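So the chains spell out like this:
Protein chains: 2
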Amino acid sequence: MNKREISKSALGRIPLYISYIESMPQEVETVSAAKISRDLGLGEVQVRKDLAVICKNGRPKIGYNRKVLESSLKDFMTVENGGAVIVGAGKMGRALLEYGGFETYGTKILAAFEKNIEHPVNLPLGKRILPIGCINEFCAENDVKIGIITTPPESAQSVLNLLCECGIKLIWCFAPGRLYKPADVVIQYENLALSLAHLKLQNRSINETED
Amino acid sequence: MNKREISKSALGRIPLYISYIESMPQEVETVSAAKISRDLGLGEVQVRKDLAVICKNGRPKIGYNRKVLESSLKDFMTVENGGAVIVGAGKMGRALLEYGGFETYGTKILAAFEKNIEHPVNLPLGKRILPIGCINEFCAENDVKIGIITTPPESAQSVLNLLCECGIKLIWCFAPGRLYKPADVVIQYENLALSLAHLKLQNRSINETED
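As given, the protein sequences belong to chains A and B, one line each in that order. Mapping to this note's numbering: the first sequence position 78 is 78, numbers consecutive. Mapping to this note's numbering: the second sequence position 176 is 176, numbers consecutive.
Quick caveat, the hints were computed from the structure, so don't treat them as lab data. All values derive from a computational prediction rather than experimental measurement. Don't take each hint at face value.
Each pair may be met inside one copy or between any two copies, as identical chains are not told apart.
Okay, derived cross-link-like pairs now, BS3-like style, lysine-lysine, Cα gap no bigger than 30 Å in a straight line [said to hold, decoys possible]: (1) 127 to 91; (2) 67 to 181; (3) 56 to 91; (4) 67 to 127; (5) 35 to 181; (6) 169 to 67; (7) 67 to 108; (8) 169 to 35; (9) 108 to 35; (10) 56 to 127; (11) 181 to 56; (12) 108 to 91; (13) 91 to 169; (14) 145 to 74; (15) 127 to 115; (16) 91 to 145; (17) 127 to 35; (18) 35 to 49; (19) 115 to 74; (20) 91 to 115.
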């Protein structure tokens, strides 16, 4: 499969497909594009086209083997290059630093940086918190491709500017509020408050429309 | 606006619209359904219909006032009832416990529960970590509607069962892996590893298709 074949908007739907398949009851063995499109509220033609590019094993009237489709989607999401650094070693920063799940999709969190420390802090599993003053040198030496911002919102813009100076083009931002960025930098904002609000609404919708 | 008017699949798109509007450059004052549908890769008719239900102020050929649309979408996402508890007071659990942003959308995180403590631990701002043995009584007394699971994956199923015993129907789960649940319980899985993988792919897509 050629990863160029998929559009940017199709790319945005792949995480939805993976979450959907992961949440299917374990005994279900096959799944069709028609069912996925109905359950996710997406156009059937679109889903059919997205899946056909990523997994060649769909069969007419049967659909896809669930495990094959899941692993094809996950392989597609895996990019095996470059590490990530975190800026802001508060609770969220440390939680991400010590979370092991990122390596599933090929990302290694190399270190966290913090302005309120003077000396490196060593954590279990070889993870480290380093003074922010070391970040330029660290990024240059370690092929860092991703910067994760977990500072308070008032520091986020200056941290973004610093990460851009270090040559980082991919930013994952947990601080609320929008940042000004160069055109060639991609920022993905993570809004946990919105995720939780969404859970509450799902329930309201079920209660009100299925009674 | 009647919140019943919107479908479950439309509901899933509202967080996308909010993130999209938040990421628009600050000087942009209006936005049209056509532009949103193009940029998000969604059908224009669908976007037009979703927005029309939530915000009545769209104008032909001009679109929506950006601030009015943003606040209409956020109001729609806000549900002002019931609190949440966290089970598992490791780094992620504590990060969520002390994160202030959930109240923006009407959710109060009341306490975290942990099996490895015997006595309550008081944190700043009135937040508390309580022994897991207190959870039934706490939920009954505090109108708890949401349970957040931030335990290691091997404990997640037993924690889910416990939350169901406490009468909680809405679960937000940070532990990887799928759980067996009663039919009337809604689980939303949060997969941070997949979010980060998505950021990396966005960049690959831009590099490869826009050169």
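Evaluation of the provided hints:
In this homomeric assembly, residue 127 and residue 91 come within 30 Å of each other (Cα to Cα) both inside a single copy, at 15 Å, and across copies, at 15 Å. Taking the closest pair of Cα atoms, residue 67 and residue 181 come within 30 Å of each other only across two copies (21 Å); inside a single copy the shortest separation is 40 Å, beyond that limit. Neither within a single protomer nor between protomers do residue 56 and residue 91 lie at most 30 Å apart by alpha-carbon distance, with minima of 43 Å and 41 Å respectively. In this assembly of identical chains, residue 67 and residue 127 lie within 30 Å of each other by CA distance neither inside one copy nor across copies; the values are 33 Å within and 42 Å between.
Taking the closest pair of Cα atoms, residue 35 and residue 181 come within 30 Å of each other only across two copies (21 Å); inside a single copy the shortest separation is 40 Å, beyond that limit. Proximity of residue 169 to residue 67 under the C-alpha cut-off of 30 Å is restricted to the inter-copy arrangement: shortest distance 29 Å between copies versus 34 Å within a copy. Taking the shortest alpha-carbon separations for residue 67 and residue 108, only the intra-copy value of 26 Å comes in at or below 30 Å, while the best inter-copy value is 38 Å. With identical chains, the CA atoms of residue 169 and residue 35 are at most 30 Å apart between copies only, with a shortest distance of 25 Å across copies and 37 Å within one.
When the C-alpha separation of residue 108 and residue 35 is checked against a cutoff of 30 Å, the pair qualifies neither within a copy, at 35 Å, nor between copies, at 36 Å. In this homomeric assembly, residue 56 and residue 127 never come within 30 Å of each other (Cα to Cα): the closest approach is 40 Å inside a single copy and 51 Å across copies. Taking identical chains as interchangeable, the C-alpha atoms of residue 181 and residue 56 are never at most 30 Å apart, the minima being 39 Å within one chain and 32 Å between chains. In this homomeric assembly, residue 108 and residue 91 come within 30 Å of each other (Cα to Cα) both inside a single copy, at 19 Å, and across copies, at 19 Å.
Taking CA atoms no more than 30 Å apart as the test, residue 91 paired with residue 169 passes in both settings, with 25 Å inside one copy and 28 Å between copies. When the C-alpha separation of residue 145 and residue 74 is checked against a cutoff of 30 Å, the pair qualifies only within one copy, where the shortest distance is 20 Å, while the shortest distance between copies is 33 Å. Proximity of residue 127 and residue 115 under a CA criterion of 30 Å is satisfied in both settings, with 17 Å inside one chain copy and 26 Å between copies. For the identical chains of this complex, residue 91 and residue 145 are neighbours both inside a copy (23 Å) and across copies (25 Å), given an alpha-carbon limit of 30 Å.
Taking identical chains as interchangeable, the C-alpha atoms of residue 127 and residue 35 are never at most 30 Å apart, the minima being 43 Å within one chain and 43 Å between chains. Taking the shortest alpha-carbon separations for residue 35 and residue 49, both the intra-copy value of 14 Å and the inter-copy value of 23 Å come in at or below 30 Å. Taking the shortest alpha-carbon separations for residue 115 and residue 74, neither the intra-copy value of 36 Å nor the inter-copy value of 34 Å comes in at or below 30 Å. In this assembly of identical chains, residue 91 and residue 115 lie within 30 Å of each other by CA distance both inside one copy and across copies; the values are 14 Å within and 20 Å between.
In this structure, the earlier hints numbered 3, 4, 9, 10, 11, 17, 19 are contradicted, and the remaining ones agree with it.
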